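Chains as they are written, first to last, in my numbering: chain X, 647 to 942; chain W, 202 to 454.
The hints are simulated quantities; they were obtained by calculation from the structure and are not laboratory data.
Quantities reported herein were computed from a predicted structural model and do not represent experimental measurements.
Any given hint might turn out to be false.
[To be verified] Pairs of lysine to aspartate or glutamate residues, derived as EDC-like cross-links and limited to a Cα-Cα distance of at most 20 angstroms, are as follows: (1) X:Lys-658 / X:Asp-725; (2) W:Lys-203 / X:Glu-656; (3) X:Lys-648 / W:Asp-209; (4) W:Lys-361 / W:Glu-277; (5) W:Lys-203 / W:Glu-275; (6) X:Lys-648 / W:Glu-249; (7) W:Lys-203 / W:Glu-277; (8) W:Lys-203 / X:Glu-657; (9) W:Lys-203 / W:Glu-293; (10) X:Lys-648 / X:Asp-725; (11) W:Lys-361 / X:Glu-666; (12) W:Lys-203 / W:Glu-297; (13) X:Lys-648 / X:Glu-701; (14) X:Lys-648 / X:Glu-731; (15) W:Lys-361 / X:Asp-922; (16) X:Lys-658 / X:Asp-672; (17) X:Lys-648 / X:Asp-672; (18) X:Lys-658 / X:Glu-705; (19) W:Lys-361 / W:Glu-351; (20) W:Lys-361 / X:Glu-906.
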Amino acid sequence: MKERALLFGEEKSLTGVITEPASPPDLARPAVVFLDAGVLHHVGPNRVHVRLARELAREGFLCMRFDFSGLGDSRPRCDAVPFAESAVAETRQAMDVLAARGARSFLLFGICSGADAALRVARQDPRVAGAALVEPYLVAGPGYLLYAYRRQVLNPLSWLRLVGGRSELWAALAARRAPPGEPATQPDGPEGTAPAPATDEVPLILPSRPEIARQVRSLADRGVGLCFVYAREGPAYHNWLVLLRREVRGALARGTARVEAIARTDHVFTPRAAQDRLVAVVRDWARDVAGRRPAG
Amino acid sequence: MKPFFFGDSRRPLFGVLHPPRGSSRRPGVVICPPFGQESLRAHRSLRELATRLADAGFPALRFDYGGSGDSAGEPEEARLEGWVGDVSAAVEEMRESTGESRVTLVGLRLGGAVAALGARIVGGAEMLVLWEPVVDGATHLAELRRAHAEWVRDHAPGAKVAPDEVLGFTLPAGLVADIDGLRLDQIEPVPARRTLVVTSGEAGTRLWEGRPGVEQRVVPPAPVWLHAEGMSRALVPGALIEAVVAWVEGASA
């Protein structure tokens with residue numbers, strides 16, 4: 647296995663690291679691209695991108711992790727293209743780098759907002775053969791609040807944190823009090839999207855519930871391999887149960903989609919046992935997708 | 202920014218070089234990161250520091266220790282001595298890049314200790330900046346374990362936790378032993394012509410107090426390096442970074 651660092655993109659402003667198998671990669675296999683999770687740089691939460699890239703390279707996959715513009719080791723863009731669009735364009739540029747090395751199809755791996763971007767890319771680029779969507783979109787709907795907060799309500803420590811002022815609820819409430827002059831909500835996004843709630847975080851424009859359902863269903867219908875991985879006790883899993891599962895029912899039955907809910911972990915797979923499981927699940931899925939792809 | 206691998210080709214280290222603005226011949230700055238979860242949370246701050254230093258005419262090199270970040274190696278093999286050797290390789294790389302033998306070392310948290318130990322083996326640093334350094338290794342280990350226990354309790358009760366993991370990262374027994382025996386205050390002599398110990402609170406500010414060429418500075422507010430509330434947030438203590446850049450500029454004049 648060998649790794650090399652590079653600058654790529656139109657302005658040579660994006661940083662990437664390519665992981666090559668020890669022997670020349672089997673180019674009939676899809677290459678794997680890792681997308682940034684939130685504000686964390688390209689090594690991924692708890693360095694899991696590095697670990698998984700090296701594991702997949704040992705399996706013969708050509709891999710690349712990189713930083714979106716302005717994140718990690720990549721320079722900010724000079725234009726005003728919104729993140730939802732630039733992330734797609736930059737991921738496709740990363741795919742182009744690997745395509746220049748002979749890759750013909752791709753698997754995308756993204757955690758949290760990385761899964762969000764992976765889904766957008768998969769819809770727009772027919773070279774994508776599969777996407778591992780780890781803890782993807784959280785679209786609040788009926789029943790979500792009860793699901794998300796039931797553990798906290800039953801946990802005495804949550805109440806102690808609340809009384810002691812250490813609860814994340816206080817931070818959330820403070821964030822809702824937008825300073826004078828700032829809009830209370832983000833402007834409407836592109837067609838088919840809903841405005842995101844006001845927070846002190848980077849604004850993200852999330853698709854509506856019907857839109858995300860449609861996106862996932864269209865990928866499943868196209869035969870794109872889908873691997874959903876969740877923290878079993880986390881709120882994102884609720885999204886799977888009430889929204890996404892039914893959209894990919896056929897793909898689940900055909901084996902082109904799968905889901906794994908990992909118990910006793912958080913959103914970024916901090917316990918190492920959860921990381922081990924995540925790596926094994928995605929590795930096995932990548933093998934299966936590669937095995938299904940026609941050679942050449 | 203120029204990302205690259207350097208050092209021993211059998212165990213290459215990942216680095217990002219920030220070339221200086223203009224054609225100054227100022228000493229290069231090698232930046233030593235913290236360990237584990239702190240290294241992820243500090244990434245943005247260290248990038249910002251390197252960018253500001255480069256803007257001020259100082260070439261700056263960020264890098265990952267072996268077995269961490271993008272560098273080769275397994276986390277299970279991590280030892281303090283190996284990381285100090287990695288600092289030496291980074292200094293060598295910087296000297297080759299600038300053609301200038303003088304070098305400044307900056308280290309954050311455990312990276313502060315690694316920078317100080319590294320400064321000794323590279324024959325002394327021009328300047329040494331210890332940012333919120335880990336002074337007493339045993340105390341740092343206790344802090345890490347306490348933060349890990351709190352995290353498990355609050356976020357994944359009942360999670361199976363191996364004895365050699367802390368906040369998502371492997372903390373192997375050899376490294377534990379190394380950190381446990383670490384006492385930065387006992388290093389003699391101070392391995393730099395000029396040293397700045399900069400913290401955001403009172404703890405650690407008396408390190409090497411009264412020794413020649415050593416200054417202490419406190420620049421609040423304190424960033425959150427370990428608490429769960431800091432997860433997913435980029436930490437950039439701007440005032441402290443400005444203070445470090447200003448000090449390096451002043452000390453090199």
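Hints versus structure:
1. Annotation: proposed proximity of Lys-658 (chain X) to Asp-725 (chain X) holds, straight-line Cα distance about 15 angstroms (limit 20 angstroms).
2. Under the criterion of a C-alpha separation no larger than 20 angstroms, the hint pairing Lys-203 (chain W) with Glu-656 (chain X) is consistent with the structure, at around 16 angstroms.
3. About 13 angstroms separates the Cα atoms of Lys-648 (chain X) and Asp-209 (chain W), which keeps this hinted pair within 20 angstroms; it holds.
4. Of the supplied pair hints, the one linking Lys-361 (chain W) and Glu-277 (chain W) holds, its CA atoms being roughly 19 angstroms apart against a limit of 20 angstroms.
5. The suggested pairing of Lys-203 (chain W) with Glu-275 (chain W) is violated, with an alpha-carbon distance near 24 angstroms, which exceeds 20 angstroms.
6. Proposed proximity of Lys-648 (chain X) and Glu-249 (chain W) is contradicted: the alpha carbons are some 29 angstroms apart, above 20 angstroms.
7. Distance restraint check for Lys-203 (chain W) and Glu-277 (chain W): the Cα-Cα separation of roughly 29 angstroms exceeds the 20 angstroms cut-off, and the hinted pair is therefore not satisfied.
8. Under the criterion of a C-alpha separation no larger than 20 angstroms, the hint pairing Lys-203 (chain W) with Glu-657 (chain X) is consistent with the structure, at around 13 angstroms.
9. Taken as a hint, the Lys-203 (chain W) and Glu-293 (chain W) pair is honoured in the structure, with Cα atoms around 17 angstroms apart against an allowance of 20 angstroms.
10. Between Lys-648 (chain X) and Asp-725 (chain X) the alpha-carbon distance is near 34 angstroms, which puts this suggested pair outside the 20 angstroms criterion.
11. For the given pair, Lys-361 (chain W) sits about 33 angstroms from Glu-666 (chain X) by alpha-carbon distance, which is inconsistent with the 20 angstroms threshold.
12. Between Lys-203 (chain W) and Glu-297 (chain W) the CA atoms are separated by roughly 15 angstroms; this keeps the pair inside 20 angstroms, and the hint holds.
13. Straight-line distance between C-alpha atoms of Lys-648 (chain X) and Glu-701 (chain X) comes to about 12 angstroms, which keeps the hinted pair within the 20 angstroms bound.
14. For the given pair, Lys-648 (chain X) sits about 31 angstroms from Glu-731 (chain X) by alpha-carbon distance, which is inconsistent with the 20 angstroms threshold.
15. For the given pair, Lys-361 (chain W) sits about 12 angstroms from Asp-922 (chain X) by alpha-carbon distance, which is consistent with the 20 angstroms threshold.
16. In summary, the hint linking Lys-658 (chain X) to Asp-672 (chain X) is not supported, as the alpha carbons are separated by about 27 angstroms, beyond the 20 angstroms threshold.
17. Between the alpha carbons of Lys-648 (chain X) and Asp-672 (chain X) the distance comes to roughly 15 angstroms, so the proposed pair stays at or under 20 angstroms and holds.
18. Restraint check for Lys-658 (chain X) and Glu-705 (chain X): the C-alpha separation of about 30 angstroms exceeds 20 angstroms, so the hint is violated.
19. Restraint check for Lys-361 (chain W) and Glu-351 (chain W): satisfied, since their Cα atoms lie roughly 14 angstroms apart, inside the 20 angstroms limit.
20. Distance restraint check for Lys-361 (chain W) and Glu-906 (chain X): the Cα-Cα separation of roughly 18 angstroms lies within the 20 angstroms cut-off, and the hinted pair is therefore satisfied.
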